[in-house]
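Chemist: Modelling step: build the complete structure from the supplied sequences, incorporating the hints.
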Amino acid sequence: MSENTADRQNPDRQMADLAEVEDAKLSSRTGRSYSQGQLVLRRFVRHVPAMISLGVLLATTLLAFTSMGLGPLPGWWPESYRHQEGLTPYNGGDMTMFGDDGILGPHPFGQDDLNRDYFARVMQSTQTSLIIALVVGVVSSVIGVVVGAMAGFYRGWVEAVLMRATDFVIIVPPIMISAILGRIVTNLPFGIFFLALMLGLVTWTSMARLVRAEVLALREREFIAAATAMGASPVRIILKHMVPNSIGVIIVNMSFAIASAVLLESALSYLGMGVQSPDVSLGMLVNQNEGAMRGRPHLFWLPAMFIVIVALCVNFIGDGLRDAFDPRRQRTGDRKPTLLKALGFMGRSRAEDRQQKAADVTASTGEGGRS
Numbered sequence: 001m002s003e004n005t006a007d008r009q010n011p012d013r014q015m016a017d018l019a020e021v022e023d024a025k026l027s028s029r030t031g032r033s034y035s036q037g038q039l040v041l042r043r044f045v046r047h048v049p050a051m052i053s054l055g056v057l058l059a060t061t062l063l064a065f066t067s068m069g070l071g072p073l074p075g076w077w078p079e080s081y082r083h084q085e086g087l088t089p090y091n092g093g094d095m096t097m098f099g100d101d102g103i104l105g106p107h108p109f110g111q112d113d114l115n116r117d118y119f120a121r122v123m124q125s126t127q128t129s130l131i132i133a134l135v136v137g138v139v140s141s142v143i144g145v146v147v148g149a150m151a152g153f154y155r156g157w158v159e160a161v162l163m164r165a166t167d168f169v170i171i172v173p174p175i176m177i178s179a180i181l182g183r184i185v186t187n188l189p190f191g192i193f194f195l196a197l198m199l200g201l202v203t204w205t206s207m208a209r210l211v212r213a214e215v216l217a218l219r220e221r222e223f224i225a226a227a228t229a230m231g232a233s234p235v236r237i238i239l240k241h242m243v244p245n246s247i248g249v250i251i252v253n254m255s256f257a258i259a260s261a262v263l264l265e266s267a268l269s270y271l272g273m274g275v276q277s278p279d280v281s282l283g284m285l286v287n288q289n290e291g292a293m294r295g296r297p298h299l300f301w302l303p304a305m306f307i308v309i310v311a312l313c314v315n316f317i318g319d320g321l322r323d324a325f326d327p328r329r330q331r332t333g334d335r336k337p338t339l340l341k342a343l344g345f346m347g348r349s350r351a352e353d354r355q356q357k358a359a360d361v362t363a364s365t366g367e368g369g370r371s
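Residue 301 in the numbering used here sits at position 301 of the sequence shown, with consecutive numbering throughout.
Since the hints were made in silico from the structure, they are not lab data.
Certain hints may be false.
Within a straight-line C-alpha distance of at most 25 Å, the following computed SDA-like cross-link-like pairs (lysine to any residue) qualify [said to hold, decoys possible]: (1) K240 with D326; (2) K240 with M230; (3) K240 with R219; (4) K240 with F223; (5) K240 with V139; (6) K240 with R209; (7) K240 with F153; (8) K240 with Q36; (9) K240 with I143; (10) K240 with V142; (11) K240 with A217; (12) K240 with V146.
Here are the simulated distance ranges between beta carbons [said to hold, decoys possible]: (13) F168 with L263: 21 to 27 Å; (14) L104 with E290: 22 to 28 Å; (15) V169 with A217: 20 to 26 Å; (16) L114 with P173: 32 to 38 Å; (17) D113 with S35: 52 to 58 Å; (18) R164 with L239: 23 to 29 Å; (19) I180 with N91: 40 to 46 Å.
Because the structure is a prediction, the values reported are computed rather than measured.
Here a beta-carbon is modelled for each residue, glycine too, at the ideal position from N, C-alpha and C.
Modeler: Laid out in structure tokens, this is it:
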């Protein structure tokens with residue numbers, strides 16, 4: 001195999017070539033050179049769905065944390081999400097948003113069956129779900145990086161033991177393990193953090209497999225051989241060389257782990273095996289108000305809508321990060337067709353031109369062969 005063919009088949013070389021071409025184009029327009037980190041940031045900012053999702057997720061997070069506060073820090077919303085004596089229904093428990101009482105009113109999302117303010121409960125539930133998802137993402141990523149890096153670097157019996165343990169965790173349904181462990185720790189003080197820790201202990205397998213694959217590829221690189229020849233310890237090689245060069249895979253998979261954690265926690269709370277009263281979560285609200293679909297369906301749909309919003313936003317952000325770190329995944333060629341073009345109402349003339357050009361090329365080729 002020639003050297004040029006080997007370079008074309010080398011993914012790292014392709015990434016370097018793409019970065020050099022992109023940097024050259026930007027330098028010709030702006031007169032300055034861009035680092036790899038600046039190119040990644042530029043690609044992410046130009047990813048429209050990811051930026052919209054980032055804005056929606058930040059707005060949702062700010063609304064949830066500023067309205068209800070966090071710990072000793074109070075929020076700007078006066079109502080409590082817990083049951084209090086003397087609560088009375090207002091406006092029949094219906095939503096007061098955009099009504100006669102102003103934009104929000106005293107109960108913008110209405111009241112539940114116990115006359116508790118539903119806006120406060122939804123915001124507190126969103127805050128709980130976001131905290132659990134973030135902790136799960138961090139814990140699962142740390143465990144997955146450690147297991148994957150050790151398995152890929154040391155190989156031999158270390159890899160065999162760690163990968164068999166990974167396979168064992170994979171074959172057991174994570175919701176079953178999470179339900180058993182979560183039921184044990186949810187009644188402890190700071191139960192949501194222990195629940196997040198338990199969820200992180202069963203969702204690290206995909207990160208471990210991806211990091212192992214990256215480390216196996218990096219293990220044969222020249223700079224790793226040079227570091228080994230200079231006497232660098234395995235821990236230093238992993239922390240200083242392999243993990244930083246796998247940061248793209250780690251960040252992208254961490255974002256998807258956070259989205260999966262939102263859905264997993266909601267499913268556990270819906271089944272009554274996740275967050276327990278007096279704490280609240282979105283899945284618990286969906287479970288508690290499942291019977292309100294006929295009379296007051298907003299009690300069911302509002303927490304369900306926030307689950308979908310958070311999960312979709314994190315997934316779109318992960319897609320943007322993946323395209324930013326690996327531009328080879330981006331679509332090349334013509335732009336994606338619009339709805340009218342997909343239905344065949346536009347682009348007919350362009351298709352006819354292409355068919356005519358193809359016919360001309362075929363005709364010219366046939367004439368050349370006969371001559």
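Chemist: Does the beta carbon distance between F168 and L263 stay inside 21 to 27 Å, or does it fall outside?
Modeler: holds (23 Å)
Chemist: Does V142 sit within 25 Å of K240, going by the straight-line distance between their CA atoms?
Modeler: holds (16 Å)
Chemist: Look at the Cβ atoms of I180 and N91 and judge whether their distance stays inside 40 to 46 Å.
Modeler: holds (43 Å)
Chemist: Hint check: K240 vs R209, CA-CA at most 25 Å. Holds or violated?
Modeler: Holds: K240 and R209 sit about 20 Å apart, inside 25 Å.
Chemist: Are the Cα atoms of K240 and D326 separated by 25 Å or less?
Modeler: At roughly 21 Å apart (the allowed maximum being 25 Å), D326 and K240 satisfy the hint.
Chemist: Keeping to a limit of 25 Å between CA atoms, is the pair of K240 and A217 held or broken?
Modeler: holds (16 Å)
Chemist: K240 and I143 were given as a pair; does the straight-line alpha-carbon distance stay at or below 25 Å?
Modeler: The hint holds at about 18 Å.
Chemist: Quickly compare the C-alpha distance for K240 and R219 to 25 Å and report which way the hint goes.
Modeler: holds (13 Å)
Chemist: Hint says 23 to 29 Å; check whether the CB-CB distance for R164 and L239 agrees.
Modeler: 25 Å Cβ-Cβ, so the 23 to 29 Å window holds.
Chemist: Quick check on a hinted range of 20 to 26 Å for V169 and A217, using CB atoms only.
Modeler: holds (24 Å)
Chemist: Could you see if the CB distance from L104 to E290 stays within 22 to 28 Å?
Modeler: Cβ of L104 to Cβ of E290: about 26 Å, so the range 22 to 28 Å holds.
Chemist: 32 to 38 Å was suggested as the range; check whether the CB atoms of L114 and P173 agree with it.
Modeler: holds (34 Å)
Checked against the numbered hints listed earlier, the structure breaks none of them; every hint is satisfied.
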